[in-house]
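Novice: Place chain B on chain A using the hints.
Protein chains: 2
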Amino acid sequence: MTKWVYSFGGGLNEGGAGMRNLLGGKGANLAEMASIGLPVPPGFTITTEVCSAYYDNGNAYPTELAEQVASALHRVEKSVGLVFGDASAPLLVSVRSGARVSMPGMMDTVLNLGLNDETVEGLAASSKDERFAWDSYRRFIQMYGSVVMGVPHHRFEDLLEQAKHGLGVTDDTAIKASDWREIVKDYKDVVQKETGKPFPNEPQEQLWGAISAVFGSWMNPRANTYRKLHDIPANWGTAVNVQAMVFGNMGEDCATGVCFTRDPSTGENIFYGEYLVNAQGEDVVAGIRTPQPMSAGRATSDQSPMEKVLPEAYKELMRVRDILERHYRDMQDIEFTVQSNVLYMLQTRSGKRTAAAALKIAIDMAQEGLITQEEAIQRVPPGSLDQLLHPTLDPKAERNLFSRGLPASPGAAAGAIVFTAEEVEDRAAKGEDVILVRIETSPEDVHGMHAARGVLTTRGGMTSHAAVVARGMGRVCVAGAGGITVDYKAQTMTVGNVTLKGGDWITLDGGTGAVYVGKVATIPPTLSGDFSTLMGWADEVRRLRVRANAETPEDAETARRFGAEGIGLSRTEHMFFGPDRIGFVRQMIMSDDPATRKKAIDALLPFQRDDFSQIFRIMSGLPVTIRLLDPPLHEFLPHGETELEEVATALGQSVESLRARRSALSEANPMLGHRGCRLGITYPEIYTMQVRAIIEAAIAVSKETGHAIVPEIMIPLVGVKTELEVTRKAAEAEVAAVFKEQGTTLEYLIGTMIELPRAAITADQIAEVADFFSFGTNDLTQTTLGLSRDDAGSFLPYYVDHGLLPKDPFVSIDREGVGALVRMGAENGRKTKPALKLGVCGEHGGDPDSIAFFESVGLDYVSCSPFRVPVARLAAAQAALAMKKEKASS
Amino acid sequence: MTKWVYSFGGGLNEGGAGMRNLLGGKGANLAEMASIGLPVPPGFTITTEVCSAYYDNGNAYPTELAEQVASALHRVEKSVGLVFGDASAPLLVSVRSGARVSMPGMMDTVLNLGLNDETVEGLAASSKDERFAWDSYRRFIQMYGSVVMGVPHHRFEDLLEQAKHGLGVTDDTAIKASDWREIVKDYKDVVQKETGKPFPNEPQEQLWGAISAVFGSWMNPRANTYRKLHDIPANWGTAVNVQAMVFGNMGEDCATGVCFTRDPSTGENIFYGEYLVNAQGEDVVAGIRTPQPMSAGRATSDQSPMEKVLPEAYKELMRVRDILERHYRDMQDIEFTVQSNVLYMLQTRSGKRTAAAALKIAIDMAQEGLITQEEAIQRVPPGSLDQLLHPTLDPKAERNLFSRGLPASPGAAAGAIVFTAEEVEDRAAKGEDVILVRIETSPEDVHGMHAARGVLTTRGGMTSHAAVVARGMGRVCVAGAGGITVDYKAQTMTVGNVTLKGGDWITLDGGTGAVYVGKVATIPPTLSGDFSTLMGWADEVRRLRVRANAETPEDAETARRFGAEGIGLSRTEHMFFGPDRIGFVRQMIMSDDPATRKKAIDALLPFQRDDFSQIFRIMSGLPVTIRLLDPPLHEFLPHGETELEEVATALGQSVESLRARRSALSEANPMLGHRGCRLGITYPEIYTMQVRAIIEAAIAVSKETGHAIVPEIMIPLVGVKTELEVTRKAAEAEVAAVFKEQGTTLEYLIGTMIELPRAAITADQIAEVADFFSFGTNDLTQTTLGLSRDDAGSFLPYYVDHGLLPKDPFVSIDREGVGALVRMGAENGRKTKPALKLGVCGEHGGDPDSIAFFESVGLDYVSCSPFRVPVARLAAAQAALAMKKEKASS
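Protein sequences, first through last, are from chains A and B. Okay, so the first sequence: first residue is 1214 according to this note's numbering, each after it adds one. Okay, so the second sequence: first residue is 1214 according to this note's numbering, each after it adds one.
Here chain A stands alone, though its shape is the one from the complex:
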């Protein structure tokens, strides 16, 4: 016979913390607490398997269930010496849901179940407190009526308000027993009126009504949506906990409270929480009375801390707190009730905490010897470090939401709205705080993005140009805020009937994607010593190296400051947009005779050499991977008429002919067009110049600093081995020429991006001519899923919201599709060259989930934007520990 019901408390604990899947989190922990001797009112848990069976059998329970519940209930009766439904001294119970993970949207709790017109009198007699009994009864009707029977909550509230008004009182505590009797009557009428049925009088009917309500709520629309959003399988099911009531509302020696074993906001090792004397659980949350602090040290003179008011129970709670932390080895979020000075524990679970608290608690607990260093590393969610590295919105500041976009680059920033990169630069130069607002950004806007406090776009996804560049710079960015209509001409942006003008202030929250009207106060980031401690510990255990994507000296310096061990991607095209270079770049593209093109390219050489020298100097011998020109040429084209005329003058050509050339270069799908090594093959002189600049810079900086610079030259968009063969040969020839001119040599590598499905599939062939692979998972995601990052805004959010895709694949790698190709590429590549160096330089290089995947594939390094480096270091450490554990257990 299947066991559907597990008892806890009162000397029989059939469950334990390890049985979360079967008993839910709450049930498992109640049994666990009881089994380690903590005061838990007796009860029982109906398992999650009942939930699954219930839905599998057309909302019917297993036949044995009723008997098992009855038997467990009987044990509770015996244990507390009361009988359920007994008119003289009734046992009351609470019924609570409890899934594996806490889940909003489900039925939560019904207290005081078992009361009716007879038992309420028994309770009054046995407790010798008529007011308490009737208060409990009306509470029961109110909760059961709303959560089980579906009567709108405000119907009861309104009625209570009217009653208070009639009685001339403002506080519930001023309502007397006789008044409550009247209110109970009115409550029952409301139930009858709203549901067409009388309030159930029979305790067994009440019990099964509540149990069914819990199971029924598992499939309600809100719960379904939540599960989809959080990737919780429907077949997990929920458990139901039925537990003997203890009463915090039975007088002044009674209380109820919710607290954390440490401060969840700062992590400080102090008891943190609130309680209310003479109250039941929901009163603390409802805010009818003001909860009081726990410890005397934290109380102001007008407060009544529990330490003073209920010193005995407080002392007991402190003992329990200590036991729980030692037992669970983590900060706990607990609920308790004090009945007649006796403490009862109603719940414990790991407490949610801020990033700062997570960090401090992990380090403190490790230093207290409560957990190991490795456990400390695993306790801090890597993504939460963003909160420590960037300014955040002051949680207390008032906000006026304008719209929402994607949280593309973390941090918070406020500034005046500006619509062009030029104006941003002008106003920033005068010291103004400005936010660049664009429909989308292009490489031409990079200088403006740099000067702005933050960037807002209305198109594009998590790997759109704006998002990638802003993350790289550490600028706040909200991208793809499709609800906003930008009108460049009118210099306005509009949502519904709210229109903001250029110069108006807005505030961006890059951590949530929110856009607020006006200036919202922010809190600057503070990096504690704990941060360096954690990073140090993480570095000791991780296997994956962490590099940064960086192309400016500033980026490179940030990267080193955050502990990057090299540069995994330096995009040379970003260097082409400097105002002193773009003219030559355009001449190079627009000229149709090779001689003029050569002249323009030669003019670019010193700039590129200088770019690379600076980066090599900053990185002092750490590896630097430089990617040769990648984007389609038309990205560099002059858009405006003035710019077109400038280029025409410089080339001595007509504006007409340049316009024709510009249109000839335009493409239907530039992402799949004439770019990457395709440019290097058809315009070989561009790559030749870049290779020369890299090698000349490396030789010069090697001499100057004494560091051996080993440049890594990366050829983008290779799909076929021959492409790398041809470009490699040309590069080698130019390197040899430089060596000969300079009478010296140095070590260098030539490798490729693996960013096309074909490259991953034929990686064994490509590896024959590659010294390293760097997986370009941004473009690999675009091609594998056939998904343009610039256009996905019109359907990708829908996909994620409706569970068609578990996550945005540009944020977290799609393991089954893109990931399978990365694995294939790594395995195929190493089949040919076992020591092939493998890295990843897509945005996924900074995503903890993706890093765990890259660890499992055995890559050598990840490369991410400089501000993500700490996140990546921690995530890499956690991934290494997870792999270690997996290996140990297999």
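Check each hint, because a few of them may be wrong.
Identical chains blur together in the list; that is why a pair holds if it fits in one copy or across any two.
Below, computed lysine-lysine pairings styled on DSS-like, alpha-carbon distance capped at 25 Å [what the hints assert, rightly or not]:
1) Lys1441 <-> Lys1942
2) Lys1811 <-> Lys2100
3) Lys1732 <-> Lys1714
4) Lys2098 <-> Lys1528
5) Lys2020 <-> Lys1942
6) Lys1811 <-> Lys1942
The hints are simulated quantities; they were obtained by calculation from the structure and are not laboratory data.
Specialist: What follows is chain B alone, placed relative to chain A:
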């Protein structure tokens, strides 16, 4: 010791036809002919391995080679009773190259080698013909001087012309021995002057000079280019054949000729070729004298057929012809020489032939019992059937080349240049022949393409819109002719300084990609009974089913006429462009409230139902796969202002708001954008309408015709299983609704395109909810290689020309990349559902090479444009036979 030299003729045949790789085609066949007793002058072949060794060792020969050549030469001397270099009666030899496959660009032949100032006198004495000896000597200097020593050929020709002028003669035969002596002297002076070296006198030096010239020519630029273009590995190498000379120029009982054992142009079973009395091989080709026909029956009264002039040798040749055809079991291309009435065979190989000849010869030979039916099937190149199905240019017509593009859709057509689809329709309605010229076409041009004789575009590749649609309609198309500049405003198209105006005539050759100025005469296609015979035989052996891609009744009828066994792809979007529909389509897209959208969609329902009914009726129960809407919505948008206003009026909205909507729908990379099932998911009402139309039509036509219609509903662009799950569920719901309304049911399938790498990789999951897969290899090629078919024109031709890619991957499937994904998709899919129906509906479905691949993967069917169906049937048969052979041998 390696054997580098193989003898043939004169009683020792060390080689044979099976040794083509080692001896080259010519050498292998000379040995084979000699071994079956045919008269072959003795000689020897230096193997292709010598060529490889020569290049591997820095242009040096293996040490044993000289000795082996000397020994083989000695055998030849003994066999013919003459000595090489002997002053009294010298042995002369020819030196010829001979690779595995015949290869232009290499040194071909040097005749009469061994002559010098002494041996020429010996030859004169032994032949008793001084004129013959000196003519042979000057021929030798001329050939050796130009092909071995690099003297421009015209330098000799000019000198000969001057001499003839001086002598007052016009014909070479009128030049006497003494005159030739003078000319020989002058020739030697030319060699000295041009090369700075004397003409080599020593026969051994001559011999090794010629051998080295053959090996050296293997790596000359023209040969390299040819090899790259034809995918011939450089390490194959060439062989060298040295053979005792026989002389066709030793008098009136001597001759030389080239002929085919059947007519290579029609396939008729007659001896076909030309010969010249008293001549050497090159005279036939050079055109100095007019060659004469072989058989008397084919000769006009003023001709001298060999049958009459040299009856004995002719009789012998007829015997040889018969032996050769029986031995080689194929039509042969032979070279022969008659010396003093004795026939000598100098070469045999399978003869090149037209498509018509290939067909006739294959069928005839099978019916003659020379070959089996299966062999006959393998003898006809499937691609050549295009020539039989479409008009071709009259080979005799004069041509004036304007430019070249890609041979996108076969056939030849002439017409007046017209630049808009509207004008095409107007003028075609008046009975004019017109060619639609566009930079690129879009779905809006389809009606114009249909009315035109042919289509010319200056952008886009082999799977561009123009190419795909034209092939589907059987219209001639030259695509991506990038050398042509089109100016719509001026109504001109220009190449260099040649400008054609609208209304001027051009002629397109869709088989070669050529564009000619003016009208070039064409020959209509003729389908013989042999064609049906071959198709019947092919159908008996093939395993792959062949379907057609068709969306109009006309297409469907063509498909059935050509033997299609169903429709593998019916693109519903093409049906949206009818002038009676496009208005509703635009209203559907442009409306932003669901109610208006629903109204527009409802208006489309009867049109779609009628479209499908017509196709179901024509296909009479054969399977029909209908793909739901695929392209991004903006393809249907009104481009012009007038059209925009029309839609605005119909919707009661402002033109401004529609312009905004149009711009909101535009995409950076539409190929990777909001299309396919992504539309079906975000605008479910479109797919719902299409599903309803399909099912209603199927029910109606089933009732009407009694054929059981089993519609196959295909969801495009699925990358994730959930996409198919959601769209399938919605479709099933609508089908159920129709069934209920109509009180009937029918069988139907719901499947998906596999056209994204992710779909292939996760095909095991997708198969759980798919009844069939159809590989969309066009889009799969685009995504796997990251290659936009619309933009690849700027580099893909370069890639193919320079061997970076072996072939255009849009024409012939990239087996290693895209093919690997197709195989993965098929295997993964069948892992889940062993009986899963698998097909392919990309353009590769009509490409013979790709079909061979699909056979090896085990797909169930291929689907191609209607006019490719016969090609596909034949290719499928050949693929089945090849697989059978492979299995038998493994």
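Novice: All hints are to be evaluated individually against the structure, with a verdict given for each.
Specialist: Each hint, compared with the structure:
no.	hint	verdict
1	Lys1441 <-> Lys1942	between (51 Å within a copy, 18 Å between copies)
2	Lys1811 <-> Lys2100	neither (56 Å within a copy, 57 Å between copies)
3	Lys1732 <-> Lys1714	within (15 Å within a copy, 63 Å between copies)
4	Lys2098 <-> Lys1528	neither (39 Å within a copy, 89 Å between copies)
5	Lys2020 <-> Lys1942	between (41 Å within a copy, 22 Å between copies)
6	Lys1811 <-> Lys1942	within (20 Å within a copy, 60 Å between copies)
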